[in-house]
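**Q** Heads up: the sequence lines are chains A and B, in that order.
One point on numbering: in my numbering, the residue at position 168 of the first sequence is 1217, and numbering is uninterrupted.
One point on numbering: in my numbering, the residue at position 305 of the second sequence is 1354, and numbering is uninterrupted.
No lab work stands behind these hints: they were computed from the structure.
This one's a predicted model, so the numbers in the text were calculated from it and none came from an experiment.
Fair warning: there could be bad hints in the mix.
It does not matter which identical chain is used: a pair holds within one copy or between any two.
Calculated cross-link-like contacts (lysine-lysine; reagent style DSSO-like; alpha-carbon spacing at most 27 Å) [as the list claims (entries may be wrong)]:
#1 K1069 x K1095
#2 K1095 x K1413
#3 K1152 x K1173
These are the residues of each chain, in order.
Number of protein chains: 2
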Amino acid sequence: MPVLVMKFGGTSVATLDRIKRAAKRVALEVAKGYDVIVIVSAMSGKTNELVGWVNETSPLYDAREYDAVVSSGENVTAGLMALTLQEMDVPARSWQGWQVPVKTTSAHSSARIEEIPSDNIMAKFGEGMKVAVVAGFQGISPEGRITTLGRGGSDTTAVAFAAAFDAERCDIYTDVDGVYTTDPRIAEQARKLDKISFEEMLELASLGAKVLQTRSVELAMRYKVKLRVLSSFEEPSDTAGTLVCDEEEIMESNVVSGIAYSRDEAKMTLQSVADRPGIAAAIFGPLSDAGVNVDMIIQNIAEEGRTDMTFSCPTDQVMRAEKALNDAKDAGELNFADLIADTNVAKISAVGIGMRSQSGVAAKMFQTLSDEGINIKVIATSEIKISVLVDRKYMELAVQSLHDAFELEKA
Amino acid sequence: MPVLVMKFGGTSVATLDRIKRAAKRVALEVAKGYDVIVIVSAMSGKTNELVGWVNETSPLYDAREYDAVVSSGENVTAGLMALTLQEMDVPARSWQGWQVPVKTTSAHSSARIEEIPSDNIMAKFGEGMKVAVVAGFQGISPEGRITTLGRGGSDTTAVAFAAAFDAERCDIYTDVDGVYTTDPRIAEQARKLDKISFEEMLELASLGAKVLQTRSVELAMRYKVKLRVLSSFEEPSDTAGTLVCDEEEIMESNVVSGIAYSRDEAKMTLQSVADRPGIAAAIFGPLSDAGVNVDMIIQNIAEEGRTDMTFSCPTDQVMRAEKALNDAKDAGELNFADLIADTNVAKISAVGIGMRSQSGVAAKMFQTLSDEGINIKVIATSEIKISVLVDRKYMELAVQSLHDAFELEKA
Chain A
1050 MPVLVMKFGG TSVATLDRIK RAAKRVALEV AKGYDVIVIV SAMSGKTNEL
1100 VGWVNETSPL YDAREYDAVV SSGENVTAGL MALTLQEMDV PARSWQGWQV
1150 PVKTTSAHSS ARIEEIPSDN IMAKFGEGMK VAVVAGFQGI SPEGRITTLG
1200 RGGSDTTAVA FAAAFDAERC DIYTDVDGVY TTDPRIAEQA RKLDKISFEE
1250 MLELASLGAK VLQTRSVELA MRYKVKLRVL SSFEEPSDTA GTLVCDEEEI
1300 MESNVVSGIA YSRDEAKMTL QSVADRPGIA AAIFGPLSDA GVNVDMIIQN
1350 IAEEGRTDMT FSCPTDQVMR AEKALNDAKD AGELNFADLI ADTNVAKISA
1400 VGIGMRSQSG VAAKMFQTLS DEGINIKVIA TSEIKISVLV DRKYMELAVQ
1450 SLHDAFELEK A
Chain B
1050 MPVLVMKFGG TSVATLDRIK RAAKRVALEV AKGYDVIVIV SAMSGKTNEL
1100 VGWVNETSPL YDAREYDAVV SSGENVTAGL MALTLQEMDV PARSWQGWQV
1150 PVKTTSAHSS ARIEEIPSDN IMAKFGEGMK VAVVAGFQGI SPEGRITTLG
1200 RGGSDTTAVA FAAAFDAERC DIYTDVDGVY TTDPRIAEQA RKLDKISFEE
1250 MLELASLGAK VLQTRSVELA MRYKVKLRVL SSFEEPSDTA GTLVCDEEEI
1300 MESNVVSGIA YSRDEAKMTL QSVADRPGIA AAIFGPLSDA GVNVDMIIQN
1350 IAEEGRTDMT FSCPTDQVMR AEKALNDAKD AGELNFADLI ADTNVAKISA
1400 VGIGMRSQSG VAAKMFQTLS DEGINIKVIA TSEIKISVLV DRKYMELAVQ
1450 SLHDAFELEK A
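Turn these sequences into a full structure, and let the hints steer you where they fit.
**A** Okay, here's the thing in structure tokens:
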């Protein structure tokens, strides 16, 4: 039998009624002849409750105990989903991570999956079981302790199972009905994409389109897992959702596929840095050591041997970045006049694999923003993406005008 | 280091503050030089919530999935307790049942513990860990699936660990401060017992004094585990609670130690049964096959070859008993005129190891009830117990008058 992986996120299993609705979708796929592996998240709100208790108990918690506590939510859903399927006369049973076993590294609370032996579950499929319900987000370390994969880890669990079981497809059921050209709450003309390439999805995911966890997309790309994002609240249909797939499977596409935005990026400027060889290393070495994820970097033209250096990083890492740079200054490893953090910015990005072969995208983007009177503070580009930092107050306007300019409402 | 087992019930770990309070007690014992095994229940209310979900999802649930779901509550408490201890600088870690492993039978939702290897936890004690926090109520079957021990199973877990680790004592922390001569809510003169024998505790537990789970007392008796019941809401003291121990350790005791009662017993009467050899087997065979727990039995003197047979069973088994007996009648295996169920009764029991050597206890009990005008419907006796069924409305009066008659308020 072909294997299908179906993953249901927290909102899709938030209540017993929703679990039943999800189970009906599973039963439909079983009726089509699939052996189904269902990956479930915790009922929505549960993980936050557990994380809250851990933080309140021990702010600098032992991550091994954090994992033992936080993983329990998925176990509950897995058992309830198996029972619901059994009630529908679909042969099903639940597996917790350690029972499969989902073997991970020992990096508690952000572990990586190393191996998923398929023999245990395949043997049960061979005995007539139709659905294996697996608790997402969790695994077991070489030391035999429970690990978790980090927030959103159930997407990664799903893709890893799809790869390990050579599944025909991995369907990710969530509360949105697919991947859009941009956030429909900001631009009402936003259009759902039928297909999107792994590369584009990766850029969109990492840029704040919170549909899929970045690691799950990376994994799907590496193992060529056909990934479909769809809503568990829509009527089932073969064309529902968005298929995330190899570039080759997408016949034709717009130059730009989507406009993403992020409010969580801050702009940091080091004023009057000595412009000498090695200065970039002197700045970004300490930041890297401090675990700051620097995204965009811009260096002004030097005047009289001094220059300004600007970079962006997640807003919640600003304090860490300030400390790292001030420490480097105190240690005499770095010289600058002032360090200014601007958290009142937003990042806007245009993403599309078409950019590789088409020129003029950047020019059109800058012109569009300029026509709206929006000042660009920092620019960064990759092969399939152009990002700019603008004042936070222009965020909606920037997204809407770019969506219009690239005619993303048209298929 | 000597090992101490401490078990905290649901109300003792109902909130993070209560977990902290419990952890302080654990730290006190660690300071005295003990290696401590802490057994925790789920936070109060959690197990009921999970059981409710399972029942709503699947009334005739697969007990394997029930166990997978319901066991998760204890895992949460175990992790939180370990974190709380770590915050107090007490080296601690949590274990789930399968990690120890607590090996049980495959009788899901009412499994029995078969073996608890101590090497894993002892090795950690050897490395300097001071507290092993173990999720109570759960284990792992030979098939590698999660099992639970039935409601109240954490008491059994605690006693089994005390036996496996040859613990100096097993302290059961609960929301009452010990075992009383009777329920203080019914007789305000009820007195806390400093010590009680295993045998008496067994009778009291099985008679509805819901302080300890019956199986845990059986296990403690078999393995000579010194068991102490005490409140986690009282100030710590060496004389707190009630010690459940071997008869020999109790120097002197009253003839009667306690008066127990139960509202959950029903009286069933088969009218006009043919009085012939084998009739008892013809009645109680089908009841046993149907899983009805018959407690008391009384047979009237036969007249003209017919007799009445009365027995008691738990109220929630009345329908099952009726079906079993009517089926036997329909099959021609049994002949009776009528079957009458009376659920408006209560069972009152006097328990005491002193009864073995003292006579007159039964006479005094019957006289006391008679003086109060309470009619006795059924009588049953064991070596250390006399039980009677009376009308439900006399329950409180019967308990109070017997407590007075046997002077249980005096030590």
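**Q** Now tell me, hint by hint, if it's right for this structure.
**A** Structure-based check of all given hints:
| no. | hint | in the structure |
| --- | --- | --- |
| 1 | K1069 x K1095 | both (18 Å within a copy, 22 Å between copies) |
| 2 | K1095 x K1413 | neither (45 Å within a copy, 58 Å between copies) |
| 3 | K1152 x K1173 | both (19 Å within a copy, 23 Å between copies) |
The structure shown violates just one earlier hint, number 2.
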